[in-house]
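As a plain string of letters, each chain reads:
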Amino acid sequence: MRKILLAILLLSLAYLPVWSQTIAITGGKVYPVSGPPIANGTVLIRDGVIVAVGASVNIPAGAQRIDATGKIVTPGLINAITNIGLVEIGQVRDTNDAAAKGSNNIAAAFKVWEGLNPASSVFAPTRSEGVTTVIIAPRGGLVSGQAAAIDLGSGLRSEVIRRSPVAMIAQIDDAQSAGTNSRGELMGKLRALFDDVKFYMAHRLDYDRAATKTLSAPAADLEALIPVIQGRMPIMIDADRVDEIDAALQLARDYSLKLMISGGAESWLAADRLAAAHVPVLTGAMNNIPDSFARLNQRQETAAMLRRAGVQVVLVGNGDGDESRFNARNIKYEAGNAVAYGMNYDDALRAITLAPAELFGLSDRIGSLQAGRDANVVVWSGDPFEFSTRVEHVFIRGRENNEPSRQDLLIERYKPKGSR
Amino acid sequence: MRSLYRISLVACLVLAFSIQQVPLAQQSKDSGQAKPEASPSPSTPPGPGGISTPNADPFPSTYQPFPHRTTLIRNATIMTAAGPTLQNGSVLLRDGKIAAVGTNVSAPADAVVIDGTGKYVTPGIIDVHSHIGDYPAPGVDANSDGNEATNPVTANVWAEHSVWPQDPQFPRALAGGVTTMQILPGSANLIGGRSVVVKVVPARTVQGMKFPGAKYGLKMACGENPKRVYQQRGPSTRMGNVAGYRAAWIQAEAYRRKWDTWNATHKGDAPTRDLGLETLAEVLRGNILVHNHCYRADEMAQMIDIAKEFGYKIRAFHHTVEGYKIADLLKANGIGAAEWADWGGFKMEANDSVKANLAITDAVGARAMIHSDSALGAQRLNQEVAKAMYAGRAAGINITEDQAIKWLTINPAWALGLDDKIGSIEVGKNADVVLWSGNPFSVYSRAEKVWIDGSMLYDRNDKAEKWRTDFELGLVKEDN
Chain V
793 MRKILLAILL LSLAYLPVWS QTIAITGGKV YPVSGPPIAN GTVLIRDGVI
843 VAVGASVNIP AGAQRIDATG KIVTPGLINA ITNIGLVEIG QVRDTNDAAA
893 KGSNNIAAAF KVWEGLNPAS SVFAPTRSEG VTTVIIAPRG GLVSGQAAAI
943 DLGSGLRSEV IRRSPVAMIA QIDDAQSAGT NSRGELMGKL RALFDDVKFY
993 MAHRLDYDRA ATKTLSAPAA DLEALIPVIQ GRMPIMIDAD RVDEIDAALQ
1043 LARDYSLKLM ISGGAESWLA ADRLAAAHVP VLTGAMNNIP DSFARLNQRQ
1093 ETAAMLRRAG VQVVLVGNGD GDESRFNARN IKYEAGNAVA YGMNYDDALR
1143 AITLAPAELF GLSDRIGSLQ AGRDANVVVW SGDPFEFSTR VEHVFIRGRE
1193 NNEPSRQDLL IERYKPKGSR
Chain C
8 MRSLYRISLV ACLVLAFSIQ QVPLAQQSKD SGQAKPEASP SPSTPPGPGG
58 ISTPNADPFP STYQPFPHRT TLIRNATIMT AAGPTLQNGS VLLRDGKIAA
108 VGTNVSAPAD AVVIDGTGKY VTPGIIDVHS HIGDYPAPGV DANSDGNEAT
158 NPVTANVWAE HSVWPQDPQF PRALAGGVTT MQILPGSANL IGGRSVVVKV
208 VPARTVQGMK FPGAKYGLKM ACGENPKRVY QQRGPSTRMG NVAGYRAAWI
258 QAEAYRRKWD TWNATHKGDA PTRDLGLETL AEVLRGNILV HNHCYRADEM
308 AQMIDIAKEF GYKIRAFHHT VEGYKIADLL KANGIGAAEW ADWGGFKMEA
358 NDSVKANLAI TDAVGARAMI HSDSALGAQR LNQEVAKAMY AGRAAGINIT
408 EDQAIKWLTI NPAWALGLDD KIGSIEVGKN ADVVLWSGNP FSVYSRAEKV
458 WIDGSMLYDR NDKAEKWRTD FELGLVKEDN
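Those sequence lines, one after another, are chains V and C. Going by our numbering, the first sequence opens with residue 793, and the numbers climb by one from there. Going by our numbering, the second sequence opens with residue 8, and the numbers climb by one from there.
Calculated from the structure, these hints are not laboratory results. In this text, all values refer to a predicted model and were calculated from it rather than measured experimentally. Backbone N, C-alpha and C define an ideal beta-carbon position, used for all residues, glycine too. Any given hint could turn out to be false.
Unchecked claim - Subject to a maximum C-alpha distance of 27 angstroms in a straight line, what follows is the list of computed DSS-like cross-link-like pairs (lysine-lysine):
| no. | chain 1 | residue 1 | chain 2 | residue 2 |
| --- | --- | --- | --- | --- |
| 1 | C | Lys315 | C | Lys222 |
| 2 | C | Lys354 | V | Lys893 |
| 3 | C | Lys338 | V | Lys1209 |
| 4 | V | Lys990 | V | Lys1005 |
| 5 | V | Lys1005 | V | Lys893 |
| 6 | C | Lys428 | C | Lys222 |
| 7 | C | Lys354 | V | Lys903 |
| 8 | V | Lys903 | V | Lys893 |
| 9 | C | Lys338 | C | Lys315 |
Unchecked claim - Cβ pair distances, simulated, as ranges:
| no. | chain 1 | residue 1 | chain 2 | residue 2 | range |
| --- | --- | --- | --- | --- | --- |
| 10 | C | Pro219 | V | Arg1045 | 56 to 66 angstroms |
| 11 | V | Gly980 | C | Pro74 | 49 to 59 angstroms |
| 12 | V | Ala831 | C | Pro219 | 32 to 42 angstroms |
| 13 | V | Asp886 | C | Gly372 | 34 to 44 angstroms |
Work out the full structure: start from the sequences and follow the hints.
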């Protein structure tokens, strides 16, 4: 009976049109991220949008009040490299939609979100632990394809996609995967591709008449790379060894790319050069193992050291706890570990909220608590990075969705009787 | 995107791409035995390896405790794993043992005194599921030595013969507070071979790391891995898996009888030795502990029945992703459950992973413990336990810190049959101790100092004393 009541309660919560109400989160310590923390602050939400944040906010009569006294209020967390909704079960082929076949290891035209499964069972447990937005990124090949930003709400694919595309994805740390035999050959292939994009832009009519030389990728891929070459779309290049990172910086200079580095195992050795070039790095704080010859100097202090040098840092998982999917929820612990290994607390929080929002062109809508932003907001029982902290409320565009996850239902079924 | 999408290196899943078999005869005989023998001639009596000897120890431990000083850690919060946490407690380490623990321990004249104000002390962490050394870093094919994936039953292989003591993952595990680990063969096979229990200490040989007197383990594996690896030749189904285990035990039982008879009578020629059956016979005699990789609840129940059919005991299931569904069965059969905090979803049999697994397993009364199966996870087992403990509380199961500390220490010590020597802070036990910067269940706490047998082998604040493997010299920068 208790279970049935619980189910009814949960269902009613799930389908209440909470978003259409005015919600006032009061009394908590508010981390806007875009500004200093506000003790005893209020976050006012109306129709899915934040309308006021501050220490003295007038709360309209009839607003739903959430008492956050003694609690922490932050923007919804953003996990910037995931394959949520693209891969359901790693070893079940039919649930894998993250990698394109491409043509000659180039899949620039691949729009990974077109295979997104918004009914993925990973949405609910990730959301319920405070992650409201993720970047879904393609993988494999030399140029993997285009990434998108999605909110972990429920709805149709078109409803959960926040922005697409947000970046082109490529890698220069695996020659084989790029269809080449050496790093040098890989770089040559990438440069030839970019040259061909330029050539294609200049000779489109000839191309359509089949009156040009053969180019290194089909038209759709060349077309998709135009905004990259024009510096309008960021390109995230995976590189680990420090000379790979320098090669990426050179490439960015030569082609005026809006570059981001992911992986970045040895990026701390290039911190000054990354800072000078204003190139951000997406890296983690949970790997110190020289697990390949390209990652000999991988360390847990990387994020802290990059930040100190002035590099913009986004924290993503780099341990092996699968923070790109099943445990994308653990991005907050990546931040906690980054702090344990020298990163400033506010920087670490920024690195999983506003920094990724800025990188992927989302900061006018999410990543901070400011009037006018979408109400992606989390109320935590304490420090978001601590294991002891529980998530109390998660709003995505002002809507709270407490639909139980599969994991919740399994626990409910099997936990010993008498537990609460 | 390789590094970011690196499939979690569930080393058990990783299968050697190219397997070079080294004939046993070519394996090093430099086992440290004090018996320099001339090349065998007909007049030379057979060595002890010539006949089947239960408890034979052909690769004996040469571990010697490192130099140590009498040490008193005081004013610390001490999680003993043997009773309630002591506030403002002291631990005295002397002659490699824990000599005193309590709130009123005075420092002997010769003792190094360490102020533990604001800090925590726990027993050394024990990781019952590691592949460090047999899947070393860097992860190159040349050193990929964890799965002898050439036959579904390879009871004849011993993990220690793959362990590279220069694996840089060892010092990193020590820095995470791990003092003892069991290194297992991978899970490609139904029966993967013998494990080895080592102390996490610098050594030139694996013998120099071996935990003196520790029993061997036998690695077995259920489910998807064996049937995937042997799809072509079989087993290719779960029923094929079960037929495979049973066939092996039938052979083992016959072998055990033949040898037990001969050992009793010494009549006629000794039966011919078979390394694989010898290991299995030792399991049947109770001298080797079974560690069984198994995810699904229904398969664990079947493995329990197989053990009963042949009269052996399963010491612990590993991974045990669905342990929470059959915790009562585990309890009734006295089987330990080694689990992750939150790994799941990487294959079908891991699809029902829940974060309350350890808490439910424990609350029902089975012996629950954390394990890593990962050289990264091994460095943060305290954090894994924190996640699992708080997930239990979120589900309404009140796991205390005093209970959770056992998942890291005394329960895995039991799984290795070493709970009389390690796993708790009690007088007389080995002085394997970790000093933490704060509560080990906080994300911000780190191991500061680690002692093994009373010797401080890790000190976060003393870079000069840092253990650097041969591999790292000249390759990995020193400030790393």
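Okay, the hints, checked on the actual structure:
no., hint, in the structure
1, Lys315(C) - Lys222(C), "21 angstroms, holds"
2, Lys354(C) - Lys893(V), "22 angstroms, holds"
3, Lys338(C) - Lys1209(V), "17 angstroms, holds"
4, Lys990(V) - Lys1005(V), "13 angstroms, holds"
5, Lys1005(V) - Lys893(V), "24 angstroms, holds"
6, Lys428(C) - Lys222(C), "13 angstroms, holds"
7, Lys354(C) - Lys903(V), "25 angstroms, holds"
8, Lys903(V) - Lys893(V), "12 angstroms, holds"
9, Lys338(C) - Lys315(C), "15 angstroms, holds"
10, Pro219(C) - Arg1045(V): 56 to 66 angstroms, "60 angstroms, holds"
11, Gly980(V) - Pro74(C): 49 to 59 angstroms, "56 angstroms, holds"
12, Ala831(V) - Pro219(C): 32 to 42 angstroms, "57 angstroms, violated"
13, Asp886(V) - Gly372(C): 34 to 44 angstroms, "40 angstroms, holds"
Violated hints amount to a single one, hint 12; each of the other numbered hints is respected by the structure.
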